[in-house]
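So the sequence lines, in the order shown, correspond to chains D and B. 111 is the number of the first residue of the first sequence in the working numbering; add one for each residue after it. 36 is the number of the first residue of the second sequence in the working numbering; add one for each residue after it.
Since the hints were derived computationally from the structure, they do not count as laboratory data. The reader is advised that the hints may include incorrect statements.
DSS-like mimics (lysine-lysine), calculated; alpha carbons at most 27 Å apart, straight line [as the list claims (entries may be wrong)]: (1) D:Lys161 <-> D:Lys203; (2) B:Lys176 <-> B:Lys243; (3) B:Lys219 <-> D:Lys847; (4) B:Lys141 <-> D:Lys903; (5) D:Lys138 <-> D:Lys161; (6) D:Lys235 <-> D:Lys273; (7) D:Lys203 <-> D:Lys273; (8) B:Lys219 <-> B:Lys243; (9) D:Lys847 <-> D:Lys992; (10) D:Lys456 <-> D:Lys273; (11) B:Lys141 <-> D:Lys847; (12) B:Lys141 <-> D:Lys868.
Residues of chain D clear of chain B, computed beta-carbon distances all greater than 10 Å [unchecked claim]: (13) Asp206; (14) His353; (15) Arg812; (16) Gly869; (17) Thr905.
Facing chain D, from chain B, some residues (calculated, C-beta under 7 Å) [unchecked claim]: (18) Gly228; (19) His231; (20) Arg234; (21) Ala238; (22) Arg242; (23) Pro248; (24) Ala249; (25) Pro251; (26) Arg252; (27) Thr256; (28) Pro258; (29) Gly259.
Heads up, the beta-carbon is just placed ideally off N, CA and C, and yes, glycines get one too.
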Amino acid sequence: MDERRRDPEALLALAREEEARKHRGKLKVFFGSAPGVGKTYAMLEAAREQKTAGVDVVAGIVETHGRAETEALLDGIAILPRRDVEYRGTVLKEFDLDGALARRPALILVDELAHTNAPGGRHPKRWRDVLELLDAGIDVYATVNVQHLESLNDLVAQVTGIKVRETVPDSVLEQAEEVELIDLPAEDLRQRLKEGKVYVAEQAAEAVRNFFREGNLIALRELALRHTAERVDAQMQRYRREHAIGVTWPVTERVMVCVSPSPFAEALVRAGRRIATRLGASWVAAWVETPASARLPETARARVMDALRLAESLGAETVTLSGPKMSDEILAYARERNVSQIVIGKPARPLWKRLLFGSIVDALVRGSGEIDIHVISVEPAAPSTKRPRFRPRPTDPAAYGLAVGAVVVATGVAWAMFPRFELSNIVMVYLLSVVAVAVRTGRGPAAVASILSVAAFDFVFVPPYWTFAVSDSQYLVTFAVMLVVALVVSGLTVSIRAQAEAARERERRTSALYAMSKELASTRGIDALLEVAVRHLLDVFQGRLVILLPGADGRLEPRAERLAPFHLDPNDLAVSQWAYDHRQPAGVGTDNLPGAQMLFVPLVASRGVVGVLGMRLADPDLFETPDQRHLLEAFANQIALAVERGLLAEEAQSALVGIESERLRNTLLSSVSHDLRTPLAAITGGTSALLDHTTPLDEPARRELLLTMREEADRLNRLVQNLLEMTRLEAGMQVRKEWHPLEEPIGAALAHFGARLKGRPVTTTIPPDLPLVPLDPILIERVVANLVDNALKYTPAGSPIEISAGRDGDGVVVEVADRGPGLPSGDEGKVFDKFYRGIRSVTGSGLGLAICRGLVEAHGGRIDAVNRPGGGATFRFTLPVKESPPALDPVDG
Amino acid sequence: MAEPAAARVLLIDDEPPIRRLLRTALAAHGYTLIESSTGEDGLQQAATRLPDLVIVDLGLPDLDGVQVIRRLREWSTTPIIVLSARGQERDKVEALEAGADDYVSKPFGVGELVARMRVAWRHAARGLRDDEPVFVVGALKVDQSHRRVFVGEREVHLTPIEYRLLTTLVRHAGKVLTHDQLLKDVWGPPYVGQSHYARVYMAQLRRKLEQDPARPRYLLTEPGVGYRLVDE
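Same shape as in the complex, but just chain D:
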């Protein structure tokens, strides 16, 4: 409908559609005017042709009804076994959708699109099964009769007098690649009926004969033919557009259908659709909430909701307006949306009411300007079987008490005023009390208050006093006016309050949506986003919530469970997965898997579906109204966008991290290659010198070379160890902590230095009562060793190194202090960065201190460096001690 009217962006949409269509299965519908025209036969014939051409054809479900000639056509075509469904004691054989999807034929045959599936199936209607087959890329041949088309349903009922309940939305037929009309003149069909070649359901033969009256058949045939003709016309238009054949773009038309609580509402909606289709216009179904409508009984409201839902399913936009006067609201909206046609039902009110109060139609016609008004006369539709839902209206007994009390108070005040004031002013006092009651309560108590006021006024203040008789008939007028005023005022205030209530409700919802959007915009991190979303959703919808996002393996898993702990059973998970895969809402209140306990709405963002929102509502009927569903979808939209944003941010972050580690890797490689080559050069140089016969070397010289080589080999060893340690740290190392006295790792570290410490005074100060510390001895030994190595490298030979340990709050601190040049001021923190080497170029990879930091922090401790008063630097690290070591058995003396 819309596509014809949009601007050239439609061409792009067309192109995308083509693309999508390539992956989707193709639907061919065999369309007939009545049962028995031979649709199934035609379908099977076409299928056989395909099979001969080599296509993999499977009969999904074909109703032969025992007709031999039809069954003969099935010969050779694989038949999909049906699904057995137990229903009310009998076993029904239904189409097996999952079996078909698993079998994945190229072409599948599905009879009777309008069939309603037995409960327990994935979809309530067979045409929805067909949609799913098409989504999966399977081509489908299907059959349907004209009377099953949604938009023609009531026309058919009018013509034949038989209302058909199983309907197929027109959109399904519109999706079809091909619609083949199977047509038979009425006499031929009746002949076939007589010959028993037509399937008859178990209906009374009478009803069947009724249906097959000649008049009916002719009319049905006309409907079918006309529908096909319209479709061909649409095809032609599309063709012309695609090929840019001089088409004058018609002016944008838009149709607006005004829904009312009358029983004709659904018929009106269908009529509106037919008008819209014929004009090729988009259409809107509107319902105006007025103060009067707040008082509608439940059945009437339900009719409105049903009509709106029907309109939505037929492709309309639905909107609920509110205002004091229906016609004003309709016209205002129509002007806003550039509506060109308004469709409204013929007024049902009796003439005198129309004359007195005016009718909507008259008001519309008067104010319509250039908008066309279509006034449709429709037959009443069959009563709706849908369950009505509504909020009960409170009747508060306390309000009546208030009414009585107010009158009493007014009487008291009036009594006080009586001596000095005229009667007219006394009346005002009562009036005031009535108005006050009306403002605070409903019509009932206000009416009671006005009657009581009148009675009190009569009784107390009107002669003859203390009786209800009236001496002067003019007081009757007073009474009447007071009563009328009271009723009018209370009526007004009630309706204003109701409107205000409705507006508040609407505002609350909109502001909830706005609040959530605002907060989402400023939140980072997917889990934080989800928590925000859940919080806001819980505010608006009462019930339990869960948000599912695909995990690492692609399966959905619940997130943000902290705020909304939820136990999902496997059924619910399967439903949620379906909603995710098919990008459609599934569960209670939808047409997909309506048997589920929960409603799942997919979160669809620009890149596709990012997750699923699941709700178990406290009031499951809440989603019967399109309003609430729209609201939920609006929320879901926002959440989807926010989640997508979060995902994109994460991707960007990991890309950044990737770049950073790439950079570090490069730095490491260049640093390492230099640091490896230096000692290797010394070793190879030394060895080649030693092996060289031509160079004379005396014993001390040889010894010198050998010592150098050993030192360099040691250095190489240390470098390799550092690199290994660094790699382990980056990969995330496991710290195996056990209780150790500090002197063990310190002593072990010092022991490794051996000769390098010669000439250096090294002092260790460890108090004997220092507690055991939980640490990994190998790692802490490395830390101390690296710190001492650092001191040896950067401080002059012979200068002292002091190692001490002590308590630090709950933990311990170890200090390695030297008397060297100290740290460049300002750089104290930077020394622990990778590859930092200080001002003097000293050999070494620059990793040692970085490793110290990594290892210390892996223990939960901290490391830093400060300059010492008097020269030199102190490197200190702390290790936390959170608990006390396990007690020792007192076995020792």
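Dock chain B against chain D, hints included.
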């Protein structure tokens, strides 16, 4: 036996450079080196050639080094020294508890290896005779017949557990003892795994016997593995 004259040493190591190094170095000490490059072959050689000591590398291609030790220990008491890489402390502990006598970490000095070999031989020989009653190393003197311990001239008083700990170390002087071995010996099998007992008491011993407990002369810590009492 202390050290058998012209001792034959079986080396099970799959790396040619190590074999080459030890071939030269050990020959200089007068040992004959029997080489093997796989675990299975090594076990066969051990059974047929009956070496005086076996050096096993933990990183063998076919059998796990620890498995080799276990199978060897099923029928032989020959001293076993393990070559292991740095940082594989768990493997060293496992090897020691499977029956190896000592270990060296790569890269190692040949002198260190030979010293450990000698200690292992000493202990193997001692096993056939009674322990000597008095043990002396440096300033430390342990008189087991009188249950008295001296550091230089000063007598040191030890608690029963500390004494048991010290004498265990003395009994294995020069060899490394794992935490669990110590725990089993001093406290008993139920205490295996609770290594902090060993550490606490070692710390106490160190404080009583060492001049600078942070830089011990006698009671060396082998981080992640256990302890070793120096014997010379």
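Would you say glycine 869 of chain D is clear of chain B, with no C-beta pair closer than or equal to 10 Å? Given that every Cβ of chain B is farther than 10 Å from that of glycine 869 of chain D, nearest at about 16 Å, it holds.
Is lysine 141 of chain B close enough to lysine 847 of chain D, meaning Cα to Cα at most 27 Å? 25 Å, holds
Are arginine 252 of chain B and chain D close enough, Cβ to Cβ, to be under 7 Å, as the hint says? Since chain D brings no Cβ nearer than about 10 Å to arginine 252 of chain B, farther than 7 Å, the hint is violated.
Given the proposed pairing of lysine 847 of chain D with lysine 992 of chain D, does the C-alpha separation stay at or below 27 Å? 12 Å, holds
Holds or violated: the hint that alanine 249 of chain B contacts chain D, with Cβ atoms closer than 7 Å. 4 Å, holds
Is lysine 219 of chain B close enough to lysine 847 of chain D, meaning Cα to Cα at most 27 Å? The hint holds at about 22 Å.
Taking the closest Cβ pair, is histidine 231 of chain B under 7 Å from chain D? Interface hint status for histidine 231 of chain B: holds (4 Å vs cutoff 7 Å).
Interface hint check: proline 248 of chain B, Cβ to nearest Cβ on chain D, cutoff 7 Å. Holds or violated? Hint on proline 248 of chain B: holds, closest Cβ of chain D at ~5 Å, below 7 Å.
Threonine 256 of chain B as chain D interface residue, shortest Cβ-Cβ below 7 Å: 5 Å, holds
If you draw a straight line from the CA of lysine 138 of chain D to the CA of lysine 161 of chain D, is it 27 Å or shorter? 16 Å, holds
10 Å Cβ clearance of arginine 812 of chain D from chain B: 17 Å, holds
Against chain D, run the beta carbon of arginine 242 of chain B and see if the smallest gap drops under 7 Å. 6 Å, holds
Hint compliance for this structure: hints 18 and 26 are not met, and every other hint is.
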